[in-house]
Amino acid sequence: MLTSVQKEILQTLINLYQSSNGKSIKGEDIAEVMARNPGTIRNQMQSLRSLGLVKGVPGPRGGYKPTIEAYHSLNISVSDEDSKVPIYKNDERLEEVSVAKIEFTSVPQPSECEAAIKVLGSIKDLNLGDMIKIGPTPVNNLGVMGEIVGRDDMDNILLVNTKTIRSIPKLSVGEIASRNVISFKMDCNIRDAAKKLIANEIDGAPVMKDGKVVGVFTVTDLVKAVAQDNDDKTVGDVMSTNVVIVNENLRIANAIEVMLKKSISRLIIADNDNNLLGIVTRTDLIDCITSLDQFPIKTN
Numbered sequence: 001m002l003t004s005v006q007k008e009i010l011q012t013l014i015n016l017y018q019s020s021n022g023k024s025i026k027g028e029d030i031a032e033v034m035a036r037n038p039g040t041i042r043n044q045m046q047s048l049r050s051l052g053l054v055k056g057v058p059g060p061r062g063g064y065k066p067t068i069e070a071y072h073s074l075n076i077s078v079s080d081e082d083s084k085v086p087i088y089k090n091d092e093r094l095e096e097v098s099v100a101k102i103e104f105t106s107v108p109q110p111s112e113c114e115a116a117i118k119v120l121g122s123i124k125d126l127n128l129g130d131m132i133k134i135g136p137t138p139v140n141n142l143g144v145m146g147e148i149v150g151r152d153d154m155d156n157i158l159l160v161n162t163k164t165i166r167s168i169p170k171l172s173v174g175e176i177a178s179r180n181v182i183s184f185k186m187d188c189n190i191r192d193a194a195k196k197l198i199a200n201e202i203d204g205a206p207v208m209k210d211g212k213v214v215g216v217f218t219v220t221d222l223v224k225a226v227a228q229d230n231d232d233k234t235v236g237d238v239m240s241t242n243v244v245i246v247n248e249n250l251r252i253a254n255a256i257e258v259m260l261k262k263s264i265s266r267l268i269i270a271d272n273d274n275n276l277l278g279i280v281t282r283t284d285l286i287d288c289i290t291s292l293d294q295f296p297i298k299t300n
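In case it helps, the working numbering puts the sequence shown at residues 1 to 300.
Treat the hints as calculated values from the structure; they're not laboratory data. Fair warning: there could be bad hints in the mix.
Said to hold, decoys possible - SDA-like cross-link-like pairs, simulated, lysine to any residue; straight-line CA separation at most 20 Å:
1. LYS84 - LEU142
2. LYS84 - LEU94
3. LYS195 - LEU159
4. LYS101 - GLY39
5. LYS84 - GLU95
6. LYS196 - ASP237
7. LYS65 - TYR88
8. LYS170 - ARG151
9. LYS124 - GLU69
10. LYS26 - ARG42
11. LYS84 - GLU103
12. LYS89 - LYS26
13. LYS224 - ASN254
14. LYS101 - LYS55
15. LYS89 - SER73
16. LYS101 - ARG42
17. LYS185 - VAL244
18. LYS89 - PRO58
19. LYS118 - LYS185
20. LYS84 - GLY39
21. LYS133 - GLU95
22. LYS133 - VAL149
23. LYS124 - ARG151
24. LYS65 - VAL5
25. LYS84 - VAL219
26. LYS65 - LYS163
27. LYS262 - THR234
28. LYS163 - PRO136
29. LYS23 - GLU69
Claimed, not checked - FRET-style restraints, in silico, Cβ to Cβ:
30. ASP287 - ASP125: 35 to 43 Å
31. GLN228 - ASN254: 54 to 62 Å
32. ASP130 - ASN242: 33 to 41 Å
33. ARG191 - ASP287: 30 to 38 Å
34. PRO58 - THR3: 40 to 48 Å
35. MET154 - GLN46: 42 to 50 Å
36. SER4 - LYS163: 39 to 47 Å
37. GLY129 - LYS262: 23 to 31 Å
Computed from a predicted model, the values in this text were never measured in an experiment. Beta carbons are placed, not taken as given, at the ideal position from N, Cα and C, and that holds for glycine.
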C-alpha cells in the first residue's frame, strides 16, 4: 500500500515523464514541483524502486522513469501518443495534459451529473470554476463539457459538473447517407436549377458530367450568380469545385472532422471510379448524433 507521499511522487514523476517525451526525470525536478526537500524524494525513490514502480537511469543525464506497474498502481491506462484524450480550456487545447480515465459519479441524478477525470500531466492551470471540454475518446468518441467543481492534486483528479455529454455513433457515412440523390447536369440553366432546389427542399446538389461528379451547385452559388447578373449562365459555369468525395466506409467522426477542416456542409459519397453512391450533409450528421433513439446526449 503506497503512502500519500509516495503516490504524489509517483504521480509527479509520470506527469513530468509524459511532458518530457520519454526522458528520464531528475529527483531535483520532482522536488521542485512538489516543493519538497530533494533528500526526501531520493529516500522515497529507493522504496519505489524496490516495489518495481520506478526505474533508475544512471549517468549525467540519468534520473528516474516510471514502470508499467507505476501506471497500474495509480489506475492509469498506458496508451499510445495517438490515442491520448485531449483537454480544452477556453477552446484551446492544453498540450501537456491528457485524460487517462473518466468516471461518472452521479449518473442516476442526471440534473447533478458529475464526472471524476483522471488526468495525466500537471493540473495546476486548471482551477475551480474553469469550463473545460474533454475528448473525443478514441474508442467511443465520447466528449464531455462542464465546470470544474473540485480538484485533487495528490491523485491528479478533476471533479467536473457536466453540462453536456456527447458520443458519436460508430456508424459510417454510407449508413446514414441519402441514396436517392438529386443532381444537375453541367448545361442545366440556373433558373431551372433554382426551381429544382425549391421543389426538393434542398440547398445544394452534385453536378454530373459523363456519370461522374465534377462539382456542387448550392444556394450560395445561385445567389452569387444573381448578384453578379449571371443568372443566364449554366450550372457548370457557376458551380463550386470545392467538392469533397469520400468512401462510404468513412466513419461519422472522421466525416465531421473533414467538414470542419474544409469548411463545407456536404460530402459526396462515391466509389473508387468516382461513381455517385450518395450524399451526406451536415444536417444528416447532426440528426444522427442527436437522435434520442440511439443514446441520450444531455445531462441537464
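Here is what the structure says about each hint:
With a C-alpha separation of about 13 Å, the suggested pairing of LYS84 with LEU142 holds against the 20 Å cut-off. Under the criterion of a C-alpha separation no larger than 20 Å, the hint pairing LYS84 with LEU94 is consistent with the structure, at around 12 Å. For a cut-off of 20 Å, the pair hint linking LYS195 to LEU159 is broken: about 54 Å separates their Cα positions. For the hint linking LYS101 to GLY39, the alpha-carbon distance of about 32 Å lies beyond 20 Å, and the restraint is violated.
Proposed proximity of LYS84 and GLU95 is supported: the alpha carbons are some 11 Å apart, at most 20 Å. Distance hint between LYS196 and ASP237 is fulfilled; the C-alpha atoms sit about 17 Å from each other, no more than 20 Å. Between LYS65 and TYR88, the direct Cα distance comes to roughly 27 Å. Violation of the 20 Å bound is thereby established for this hinted pair. Of the supplied pair hints, the one linking LYS170 and ARG151 is violated, its CA atoms being roughly 33 Å apart against a limit of 20 Å.
For the hint linking LYS124 to GLU69, the alpha-carbon distance of about 25 Å lies beyond 20 Å, and the restraint is violated. Only pairs whose Cα atoms come within 20 Å are accepted, and LYS26 paired with ARG42 is accepted, the gap being roughly 10 Å. With a C-alpha separation of about 17 Å, the suggested pair LYS84 and GLU103 falls inside the 20 Å cut-off, and the hint holds. Among the hinted pairs, LYS89 with LYS26 is inconsistent with the structure: their alpha-carbon atoms are about 30 Å apart, more than 20 Å.
A threshold of 20 Å between alpha carbons decides the hint, and for LYS224 with ASN254 the separation of about 30 Å lies outside it, so the pair is violated. Distance check on the hinted pair: LYS101 and LYS55 sit about 24 Å apart at the alpha-carbon level, beyond 20 Å; violated. Taking the CA atoms of LYS89 and SER73, the gap is about 29 Å. The hint is violated against a cut of 20 Å. Restraint check for LYS101 and ARG42: the C-alpha separation of about 29 Å exceeds 20 Å, so the hint is violated.
Pair hint LYS185 plus VAL244 holds up; C-alpha atoms about 18 Å apart against a cutoff of 20 Å. Straight-line distance between C-alpha atoms of LYS89 and PRO58 comes to about 38 Å, which puts the hinted pair past the 20 Å bound. A hinted pair counts as satisfied when its Cα atoms are at most 20 Å apart, and LYS118 with LYS185 does not qualify at roughly 55 Å. Simply put, LYS84 and GLY39 have alpha-carbon atoms about 34 Å apart, too far for the 20 Å limit, and the pair is violated.
For a cut-off of 20 Å, the pair hint linking LYS133 to GLU95 stands: about 13 Å separates their Cα positions. For the proposed pair LYS133 and VAL149, the alpha carbon gap of about 14 Å is at most 20 Å, so the pair holds. For a cut-off of 20 Å, the pair hint linking LYS124 to ARG151 stands: about 10 Å separates their Cα positions. Distance restraint check for LYS65 and VAL5: the Cα-Cα separation of roughly 17 Å lies within the 20 Å cut-off, and the hinted pair is therefore satisfied.
The straight-line distance between the Cα atoms of LYS84 and VAL219 is roughly 40 Å, outside the 20 Å bound, and the hint therefore fails. Between the alpha carbons of LYS65 and LYS163 the distance comes to roughly 37 Å, so the proposed pair goes past 20 Å and is violated. A hinted pair counts as satisfied when its Cα atoms are at most 20 Å apart, and LYS262 with THR234 does not qualify at roughly 25 Å. Simply put, LYS163 and PRO136 have alpha-carbon atoms about 16 Å apart, close enough for the 20 Å limit, and the pair holds.
About 18 Å separates the Cα atoms of LYS23 and GLU69, which keeps this hinted pair within 20 Å; it holds. In this structure the supplied range 35 to 43 Å holds for ASP287 paired with ASP125, their Cβ-Cβ distance being about 37 Å. Against the hinted window of 54 to 62 Å, the Cβ-Cβ separation of GLN228 and ASN254 comes to about 36 Å, which falls outside the hint. In this structure the supplied range 33 to 41 Å holds for ASP130 paired with ASN242, their Cβ-Cβ distance being about 38 Å.
Between ARG191 and ASP287 the Cβ separation comes to about 31 Å, which falls inside the hinted range of 30 to 38 Å. One distance hint, 40 to 48 Å for the beta-carbon pair PRO58 and THR3, is violated here, with the actual separation near 26 Å. Judged by the Cβ atoms, the range 42 to 50 Å given for MET154 and GLN46 is violated: they are separated by roughly 21 Å. A hinted range of 39 to 47 Å is violated for the C-beta pair SER4 and LYS163, which are about 32 Å apart.
One distance hint, 23 to 31 Å for the beta-carbon pair GLY129 and LYS262, is violated here, with the actual separation near 36 Å.
The earlier numbered hints that this structure contradicts are 3, 4, 7, 8, 9, 12, 13, 14, 15, 16, 18, 19, 20, 25, 26, 27, 31, 34, 35, 36, 37.
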